[in-house]
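Colleague: So the sequences go chain by chain: A and B. Oh and the first sequence: position 200 is 200 in our numbering, straight run, nothing missing. Oh and the second sequence: position 175 is 175 in our numbering, straight run, nothing missing.
It is worth saying that the hints were derived from the structure and are not from the lab. Quick caveat, the model's predicted, so the values are computed rather than measured. Heads up, some of the hints might be wrong.
Here are a few chain B residues that sit away from chain A, every Cβ distance over 12 Å (derived from the structure) [stated by the list, open to error]:
no., residue
1, Ala15
2, Asn55
3, Val61
4, His68
5, Thr73
6, Gly241
Here are some of the chain B residues that sit facing chain A, going by a computed Cβ distance under 10 Å [to be verified]:
no., residue
7, Met17
8, Met32
9, Gln35
10, Phe67
11, Arg71
12, Leu74
13, Leu75
14, Trp166
15, Met174
16, Met219
17, Ala247
Only pairs whose alpha carbons sit at most 27 Å apart, straight line, appear in this in silico DSSO-like list of lysine-lysine [unchecked claim]:
no., chain 1, residue 1, chain 2, residue 2
18, A, Lys268, B, Lys102
19, A, Lys110, B, Lys284
20, B, Lys284, A, Lys280
Glycine included, every Cβ here is placed at the ideal spot set by N, Cα and C.
The chain contents come next:
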Amino acid sequence: MTHKHPGTRGFVTMARVEVGIILFVTAVALIPFLWLVLTAFKDRTDILSPTPMLFFTPTWSNFYEAFVVGEFDRFLRNSLMVASGSVVMCMAVGLPTAYAFSRFRVFGEKHLFFYILTTRMAPGIALVLPLYMFFQTLGFLGTVWAVMISHTAFNLALVIYLMRNFFDDIPRSLDEAALTEGATEFQVFRRIVLPLALPGIAVTIVLAFLFSWNEFLFALMIGGAGGQTLPASFPGLVTPLGTYWGQLAAVSVVVSMPVLILIWFIQKHLARGLTFGAVK
Amino acid sequence: MTTRKAKYGGYLWLAPMVLFLFAFELWPFLVMLDQSLHALNYTQPAANGQFVGLNNYRKLVFDEDFFHSVRLTLLFLVVALPAEILLGISFSVLLSYHLRLKRFVVPLLLIPMVLAPIVVGLTARLNLNPDFGLIGIVLRQLGLVDSGLLANGTSAFLTIVAVDVWQWTPFLVMIFLAAIISMPPEPFEAAEVEGANRWQVFRHITFPLLLPIIMVGVMLRLTDSFKIFDQVFIMTGGGPGASTELATIFAYKINFVSWNLGYGAAVVALLFFISFILTFILMKLMTKFALGAAR
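Input sequences plus hints: build the corresponding full structure.
Modeller: See the structure below:
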């Protein structure tokens with residue numbers, strides 16, 4: 001799998017310096033977030049201490065304040081509903097589309113792709129405003145359903161592109177064999193291609209879930225009061241009276257933990273997923 | 001790659017997506033375009049709903065604040081993108097010399113880029129706080145920055161760039177390293193036999209082979225930097241003054257702070273137009289570099 005890079009041997013001192021640089025950069029990438037995690041378990045005086053506090057008595061009070069007293073559990077519920085709901089929608093709409101793009105010569109493929117890609121390229125605000133006006137007219141503004149649909153709208157591009165990439169990996173000779181045996185196109189999709197694409201589907205589901213889970217602007221503007229997710233609850237903790245750092249950190253930890261756990265499972269496929277399949 | 005003909009041009013398979021696109025993307029977009037031709041401002045309700053033709057667009061063309069925000073976005077791209085690409089290449093090549101560290105280093109490096117952008121912004125804001133943030137305290141005690149990096153226009157702008165570099169360089173390291181590892185071993189073995197040094201190997205073998213993936217990285221970062229919002233929103237909200245007011249922040253403020261939705265629709269329509277052009281260029285480049293065809 002790997003190859004030797006010439007010049008590695010015979011540079012022992014340099015190799016040590018290099019390992020030092022690598023470890024330093026890793027620490028730089030990690031420490032700011034660790035600081036935030038520590039903050040979540042500190043009480044107010046420890047958080048605001050002018051000397052960095054590494055050793056302190058850990059407390060759950062920030063989590064209690066946010067999720068019990070502040071009733072942030074409703075935002076957590078919204079987050080879970082929105083992310084899982086939008087994944088279901090993405091898959092229901094995206095899987096047949098990706099299959100068609102992978103297997104058939106379909107009408108207007110190029111233009112549809114351009115259209116789909118644009119939804120991925122456009123800044124969030126450019127997608128939020130039309131949906132905001134749209135849901136306002138319909139009276140759906142401020143519901144989890146509106147957030148779910150808007151998250152589907154921006155995740156669909158990723159799901160279609162990625163699933164087409166995974167479907168393309170499955171040899172077409174299998175479909176053709178089944179088709180000559182008299183299977184219908186839907187049976188090929190349902191019984192041959194889908195089961196073989198299962199790992200790819202799992203990766204796509206995780207990514208679509210995480211993009212929805214992490215999303216901020218749609219949840220803030222379209223979610224309003226009734227459909228607010230955890231990320232959208234952040235600005236509410238930055239008040240004119242002060243910033244509730246402890247609670248912000250606690251909510252951040254709750255938002256980040258599922259992300260880190262899920263990413264751990266799909267890290268081998270992450271490069272492919274985040275480059276739309278351009279890197280394997 | 002052979003494709004077959006589907007019954008009825010495959011529209012049965014595409015129907016769910018076409019319905020979704022029309023109902024939830026195209027239709028809202030048309031609603032917004034229509035809105036951009038009308039006056040709608042919650043703070044001045046008297047004129048609401050009045051047809052104003054292209055007035056909103058005319059206003060936009062002469063809006064110095066808008067052009068300031070577009071300039072800032074471009075400046076952001078020009079500073080952040082080369083920094084990320086150069087750091088990404090250097091670090092991935094460095095890591096490729098020490099592959100035994102990969103298992104341990106790469107999962108940790110992934111953390112900044114998978115965090116919610118809003119958490120990234122909050123992390124930066126907490127750490128940079130001059131009174132109790134880890135980096136803020138260090139900077140103050142070194143006597144470098146007294147009132148925090150986000151308090152001054154220039155340093156605030158450079159800070160949002162630095163945070164973007166912090167968040168996204170690991171992504172480039174990840175894809176570049178994956179590409180380096182999967183390169184064919186033969187040219188490297190030949191170079192070793194020839195006694196080439198590391199720089200020559202990088203210059204004549206690694207870099208040319210990496211170039212397509214570098215282009216992928218450039219394109220993805222280009223479009224993502226154009227979209228950046230959450231981090232800046234929670235870190236500076238566009239301030240101090242308008243020193244970090246990127247185009248996306250400007251569009252947000254016009255719509256959801258000033259509630260000038262008619263004019264805001266014109267701003268957003270123009271941003272959309274810009275991303276259409278970016279997408280078009282991207283598609284052309286993707287065809288040129290035969291992106292994905294190498295698979």
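Colleague: Each of the hints needs a verdict: does it hold here or not?
Modeller: Against the structure, the hints:
With a minimum CB-CB distance of about 8 Å to chain A, Ala15 (chain B) fails to clear the 12 Å threshold, and the non-interface call is violated. Asn55 (chain B), annotated as away from the interface, keeps every beta carbon of chain A farther than 12 Å; the closest lies near 18 Å. The non-interface label for Val61 (chain B) is consistent with chain A: the shortest C-beta to C-beta separation is roughly 18 Å, beyond 12 Å. Its beta-carbon lying about 17 Å from the closest one in chain A, His68 (chain B) satisfies the requirement of being farther than 12 Å from that chain.
At roughly 9 Å, the least C-beta separation between Thr73 (chain B) and chain A is not larger than 12 Å, which violates its mark as non-interface. Here Gly241 (chain B) stays apart from chain A, with its beta-carbon at least about 19 Å from theirs, past the 12 Å limit. The closest approach between the C-beta of Met17 (chain B) and any C-beta of chain A is roughly 4 Å, which is under the 10 Å cut-off, so the hint is satisfied. Annotation: interface hint on Met32 (chain B) holds; nearest CB of chain A at approximately 4 Å, less than 10 Å.
The interface hint given for Gln35 (chain B) is met, as the beta carbon of that residue sits about 6 Å from the closest beta carbon of chain A, less than 10 Å. Nearest Cβ of chain A to the Cβ of Phe67 (chain B): about 17 Å, over the 10 Å cut. The hint is violated. Proximity of Arg71 (chain B) to chain A is violated relative to the hint, the smallest CB-CB distance being about 16 Å (cut-off 10 Å). Here the hint on Leu74 (chain B) is broken, as its CB sits about 14 Å from the closest CB of chain A, past 10 Å.
Interface hint at Leu75 (chain B): violated, since its Cβ lies 17 Å from the closest Cβ of chain A, which is beyond the 10 Å cut-off. Of the supplied interface hints, the one on Trp166 (chain B) holds, with its beta-carbon coming within about 7 Å of a beta-carbon of chain A, less than 10 Å. Checking Met174 (chain B) against chain A by beta carbon gives a least distance of about 5 Å; that is within 10 Å, so the hint holds. For Met219 (chain B), the interface hint holds, the least distance from its beta-carbon to any beta-carbon of chain A being 9 Å, beneath 10 Å.
Interface hint status for Ala247 (chain B): upheld, as the beta-carbon distance to the closest one in chain A is roughly 8 Å, under 10 Å. Under the criterion of a C-alpha separation no larger than 27 Å, the hint pairing Lys268 (chain A) with Lys102 (chain B) is consistent with the structure, at around 12 Å. This hinted pair checks out: Lys110 (chain A) and Lys284 (chain B) have alpha carbons roughly 12 Å apart, not beyond 27 Å. As the CA atoms of Lys284 (chain B) and Lys280 (chain A) are separated by approximately 21 Å, the hinted pair is consistent with the 27 Å bound.
In terms of the numbered hints stated before, the structure departs from hints 1, 5, 10, 11, 12 and 13, listed from lowest to highest.
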